[in-house]
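**Q** The residues making up each chain are set out below.
Number of protein chains: 2
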Amino acid sequence: MALQALAFDVFGTVVDWRSTVSRESGPYLAKIGRSDIDLDCFADGWRARYISTLLTYRESGRKFVVLDVLHREMLEDWLRELKIDPGAFSEAELGNWTKIWHRLDPWPDSAEGLTRLKARYPIVTLSNGNVALMIAMAKHANLPWDAILGAEFTRSYKPDPATYTGTVAALGLELQEVCLVAAHHADLAVARSLGMLTAYVDRPLEYGGAPHPDIAAAQAWDHAADSMISLAAQLGC
Amino acid sequence: MALQALAFDVFGTVVDWRSTVSRESGPYLAKIGRSDIDLDCFADGWRARYISTLLTYRESGRKFVVLDVLHREMLEDWLRELKIDPGAFSEAELGNWTKIWHRLDPWPDSAEGLTRLKARYPIVTLSNGNVALMIAMAKHANLPWDAILGAEFTRSYKPDPATYTGTVAALGLELQEVCLVAAHHADLAVARSLGMLTAYVDRPLEYGGAPHPDIAAAQAWDHAADSMISLAAQLGC
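As you go down the protein sequences, you meet chains U and R in turn.
First residue of the first sequence: 1, per this note's numbering; consecutive thereafter.
First residue of the second sequence: 1, per this note's numbering; consecutive thereafter.
Certain hints may be false.
Since copy identity is lost for identical chains, a pair holds within one copy or between any two.
In the DSSO-like style, the derived pairs of lysine-lysine whose C-alpha atoms are separated by at most 30 Å in a straight line are [as the list claims (entries may be wrong)]:
id : residue 1 : residue 2
1  : K118      : K99
2  : K83       : K31
3  : K99       : K83
4  : K31       : K139
5  : K118      : K63
6  : K139      : K118
7  : K31       : K99
8  : K63       : K99
9  : K83       : K139
10 : K118      : K31
11 : K118      : K83
12 : K63       : K31
Read the hints as simulated data drawn from the structure, not as lab findings.
Build out the structure end to end from the sequences listed, making use of the hints.
**A** Quick look at the structure:
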């Protein structure tokens, strides 16, 4: 069977969460006199909570709640670990801080690459981000998605196989007709184990140049590129 | 509260199902020597089954299945009523015939009007069409949706209130911040009863010039326009 549609991981693959979260968290921490905190480390700590929470979400037995809710909980948890009382901020401040994830900047090649890929294939999100977050991000970063699928649509979080299989089913396609595009080997490994096609996009700056935490999961993927534009060229778009 | 997003009915409001279904059904009926059947009546009969099936879907207790499946069942049912054995057609023929609904032509103003509206507001589908159908239709008719919500996302069919409330919840908004855009008074009446804003777009040719079946549900809606372009102008887009 041939490729019929592309499904994308988003955080880290299409947008640069670290630099945006770092930059926009600065004023909040400065306001309470905590400019001593390294902003990149602050962003990394928030993101680390995301990874650990979602890796075990299915096993936790917790009912599905959207990522906006989880991002807010993780922020408050991380602040407490830094000995900061979340009550030092207003409800509006905590809400806006959490919504940094709605306005992450894209990698420089994302909008052009996705636009080229979309001319030939349906392009959908297969991300843990919720619908409202993904719509806001798409407007901010000019991402021309055909549909927002993934976590909220399937009421499950990657790496739960249901997130992948439910997204592919909504496209009316077989698993081997849909390619997951991701900068993360562990994400691609789940997709491959289910029978999906795989495309790796290298994002060496996702962690500021440090190795990705899932480097050990690296394999020879069906496609590998160093940008969305390069992937588009490889796929004849 | 002010308008924050627009949610659209699609069949009849954004696309002209009748002329496309009529035109594309001709060759199938001609193939079996049934050119005596009026093609507009054929389209109307198929659509009538859609309306009666979905009006009672919730009460039927049937598990959610996507509209592609229901459209196929309705086609076979309608053929039998016309004394045509569906077995006169191959599986591929019946599948392609059903997929007429994936490639409906837009009303002439839809693509331009939606593009203008999208520049200011998120625009999402609040249709009974499934995701695969809506993606294919959007590519065919150049409809720039921000997200495909509605029936498959909420696992319910309009006029079930869950379809409306689930779509609004996914946008992270309150009901009174989202406007349903529809050519159908009965659809708008449900939206208004739930607290949503309402915009009527007149489509006098949906039934070939005949009155709409839900004319008795007409009310003074929050907005009324004779095209998507006119609606965009009214909303300052």
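**Q** Could you tell me which of the hints above the structure violates, numbers in ascending order?
**A** Of the numbered hints given earlier, those the structure breaks are 5, 9, 10, 11, 12, listed in rising order.
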